[in-house]
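Chains as they are written, first to last, in the numbering used here: chain A, 3 to 213; chain B, 3 to 213.
Keep in mind that a hint or two might mislead.
All copies of an identical chain are treated as equivalent in the list; a pair is satisfied when it fits inside any one copy or across any two copies.
[To be verified] Here are the simulated DSBU-like pairs of lysine-lysine, each with C-alpha atoms no more than 35 Å apart in a straight line: (1) K186 to K131; (2) K199 to K8; (3) K33 to K67; (4) K198 to K138; (5) K138 to K67; (6) K146 to K186; (7) K131 to K207.
Source of the hints: derived by calculation from the structure; they are not laboratory data.
Keep in mind that this is a model prediction, so the values were computed, not measured.
Protein chains: 2
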Amino acid sequence: MTYLAKNQEYAIYSLSFNYGQRHKYELNAAKKLAYRIGAAKHLVLNIELDKIGGSALTDNIDVPKTDKKPEHNNEIPVTYVPARNTIFLSYALAWAEVVGASHIFIGVNALDYSGYPDCRPEYIKAYEKMARLATKTGVEGTTKIKIVTPLINLTKAEIIKKGIALGIDYSLTHSCYDPSIDGKACGLCESCVLRKKGFLEAGVKDPTIYE
Amino acid sequence: MTYLAKNQEYAIYSLSFNYGQRHKYELNAAKKLAYRIGAAKHLVLNIELDKIGGSALTDNIDVPKTDKKPEHNNEIPVTYVPARNTIFLSYALAWAEVVGASHIFIGVNALDYSGYPDCRPEYIKAYEKMARLATKTGVEGTTKIKIVTPLINLTKAEIIKKGIALGIDYSLTHSCYDPSIDGKACGLCESCVLRKKGFLEAGVKDPTIYE
Numbered sequence: 003m004t005y006l007a008k009n010q011e012y013a014i015y016s017l018s019f020n021y022g023q024r025h026k027y028e029l030n031a032a033k034k035l036a037y038r039i040g041a042a043k044h045l046v047l048n049i050e051l052d053k054i055g056g057s058a059l060t061d062n063i064d065v066p067k068t069d070k071k072p073e074h075n076n077e078i079p080v081t082y083v084p085a086r087n088t089i090f091l092s093y094a095l096a097w098a099e100v101v102g103a104s105h106i107f108i109g110v111n112a113l114d115y116s117g118y119p120d121c122r123p124e125y126i127k128a129y130e131k132m133a134r135l136a137t138k139t140g141v142e143g144t145t146k147i148k149i150v151t152p153l154i155n156l157t158k159a160e161i162i163k164k165g166i167a168l169g170i171d172y173s174l175t176h177s178c179y180d181p182s183i184d185g186k187a188c189g190l191c192e193s194c195v196l197r198k199k200g201f202l203e204a205g206v207k208d209p210t211i212y213e
Numbered sequence: 003m004t005y006l007a008k009n010q011e012y013a014i015y016s017l018s019f020n021y022g023q024r025h026k027y028e029l030n031a032a033k034k035l036a037y038r039i040g041a042a043k044h045l046v047l048n049i050e051l052d053k054i055g056g057s058a059l060t061d062n063i064d065v066p067k068t069d070k071k072p073e074h075n076n077e078i079p080v081t082y083v084p085a086r087n088t089i090f091l092s093y094a095l096a097w098a099e100v101v102g103a104s105h106i107f108i109g110v111n112a113l114d115y116s117g118y119p120d121c122r123p124e125y126i127k128a129y130e131k132m133a134r135l136a137t138k139t140g141v142e143g144t145t146k147i148k149i150v151t152p153l154i155n156l157t158k159a160e161i162i163k164k165g166i167a168l169g170i171d172y173s174l175t176h177s178c179y180d181p182s183i184d185g186k187a188c189g190l191c192e193s194c195v196l197r198k199k200g201f202l203e204a205g206v207k208d209p210t211i212y213e
C-alpha cells in the first residue's frame with residue numbers, strides 16, 4: 003500500500019506501532035520497506051495496547067491455527083484487536099496535522115477479513131467525517147483530511163499482483179500473527195493461510211519463509 | 003467529571019495518559035482521585051505523543067504566560083495537542099469494548115477553550131457516530147456507545163460549583179500546564195488563569211498551591 007502511495011508521488015511519512023503484538027517482527031519488515039521506498043520519515047510508536055488486552059494478538063489467548071481458509075460465520079475472530087484501527091488512524095491524524103499532510107493511507111481490506119468491524123467502508127467513511135472536525139484544518143476549513151483505502155475491495159490475489167507490478171519485494175514483507183523469534187511464519191494462522199492462498203491464486207511464487 | 007459519573011452510579015474505569023506532557027504531575031492527581039472515588043480500575047497508559055510533537059505541551063515550545071484571561075481571536079493556541087482527544091477517546095473506546103462499557107465520559111469544555119477543535123459538540127457527535135461503527139457491538143448492533151460530555155457547555159465557575167456539591171476535594175486536582183517538579187502550579191499559564199478565575203467567580207476558596 004505504501005508503494006501505491008509512493009507511485010502516486012506522495013511524500014511518505016510511514017508509521018508503525020509496537021502495540022504489544024505477538025508479531026513484533028513486522029516492525030523490522032516495515033522499517034526495511036520504509037528505507038527501501040525512501041520514506042521522508044519512518045516513525046515507530048510504542049502504544050501499550052497489551053495493557054488493554056482483549057485479543058489473541060495482545061493477550062494471553064491462543065492464535066487459532068488451521069490449514070483451511072477460516073470460516074467465521076459472521077463471528078468476529080479472536081485476533082480482532084479492540085478499536086485498533088481507530089487508534090492507529092488517530093495517531094496518523096495527529097502526525098498528518100503536524101507535518102501538514104492531507105492524505106492518510108491505511109491498508110484495510112474488507113474482503114478476506116470481513117469479520118473486523120474497523121475494516122468496513124462505512125466505518126472508514128465515518129472516521130473521515132470525524133477527522134475533518136477533529137483538527138485545526140477542520141476549524142479553519144482549509145485542508146480536508148482524506149482517508150485512503152486502496153486495498154479495501156481487493157482480493158489478496160489482486161493485492162499481490164498489484165504489488166508485483168509496482169516492484170515490491172515480498173520477501174521483505176511480513177503477515178504472520180504468530181511467528182518464531184527470528185521471523186519465520188507459522189503457516190497456520192489465519193493471516194498465513196490467507197497470504198498463501200493469495201500467492202497461489204495470483205500465480206506468484208511465495209517467498210515467505212515458513213517454520 | 004468522574005464524580006458526576008460516580009454520582010450516576012456507573013462503575014468507574016478511569017484512564018490517564020502519560021503522553022509526554024510537561025504536566026506529568028496530573029497523573030499523580032488522577033491516581034489519588036481514582037482511589038478516593040473507589041474506581042473499579044485505574045489505568046495509566048504511556049502513549050508517546052511527544053514523538054509526534056507539534057504542541058507547547060509536548061514539544062520544545064514555550065507555554066505562554068499571562069495574568070489576564072487569554073484572548074485567542076479565533077486562533078488555536080500553541081497548547082493545543084494535535085488530535086489528542088481523538089487519541090484519548092480511541093483508547094477509551096478500546097477499553098470500553100474489553101470491559102463491556104457503553105458510556106465514555108470526557109471532560110471537554112467548549113466555553114473557555116473554544117480554540118480547541120476537539121472540544122466542540124459537532125466533533126464529539128461525529129466521534130460517537132464513528133465509534134458506533136468501529137467495534138464489535140457496532141457490527142452486532144447491540145450496545146450503542148455513548149460519548150458523555152457533562153461539562154461541555156458549562157463555565158469554569160459552574161463546573162467548580164457542581165464539583166463542590168458532589169464533595170470534590172479540589173486540593174487533589176491539578177490543572178497547570180507547566181508546574182514545578184513537586185506539582186506547584188505556575189499561576190500564569192492559560193489553564194491556571196482560567197482555573198483561578200473559575201474559583202473567584204464561583205466564590206469558592208482556591209486550594210491550589212502556586213509557586
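Hints and how they fare:
Taking the closest pair of Cα atoms, K186 and K131 never come within 35 Å of each other, the shortest separation being 40 Å inside a single copy and 40 Å across copies. In this assembly of identical chains, K199 and K8 lie within 35 Å of each other by CA distance solely inside one copy; the values are 27 Å within and 51 Å between copies. In the homo-oligomer, the alpha carbons of K33 and K67 lie at most 35 Å apart inside one protomer (28 Å), although the nearest pairing across protomers, at 41 Å, exceeds that limit. For the identical chains of this complex, K198 and K138 are inter-copy neighbours only, at 27 Å across copies versus 43 Å inside a copy, given an alpha-carbon limit of 35 Å.
Proximity of K138 and K67 under a CA criterion of 35 Å is satisfied inter-copy only: 22 Å between copies versus 45 Å inside one chain copy. Proximity of K146 and K186 under a CA criterion of 35 Å is satisfied in neither setting, with 41 Å inside one chain copy and 41 Å between copies. Proximity of K131 and K207 under a CA criterion of 35 Å is satisfied in neither setting, with 40 Å inside one chain copy and 43 Å between copies.
Checked against the numbered hints given earlier, this structure breaks hints 1, 6 and 7; the rest are met.
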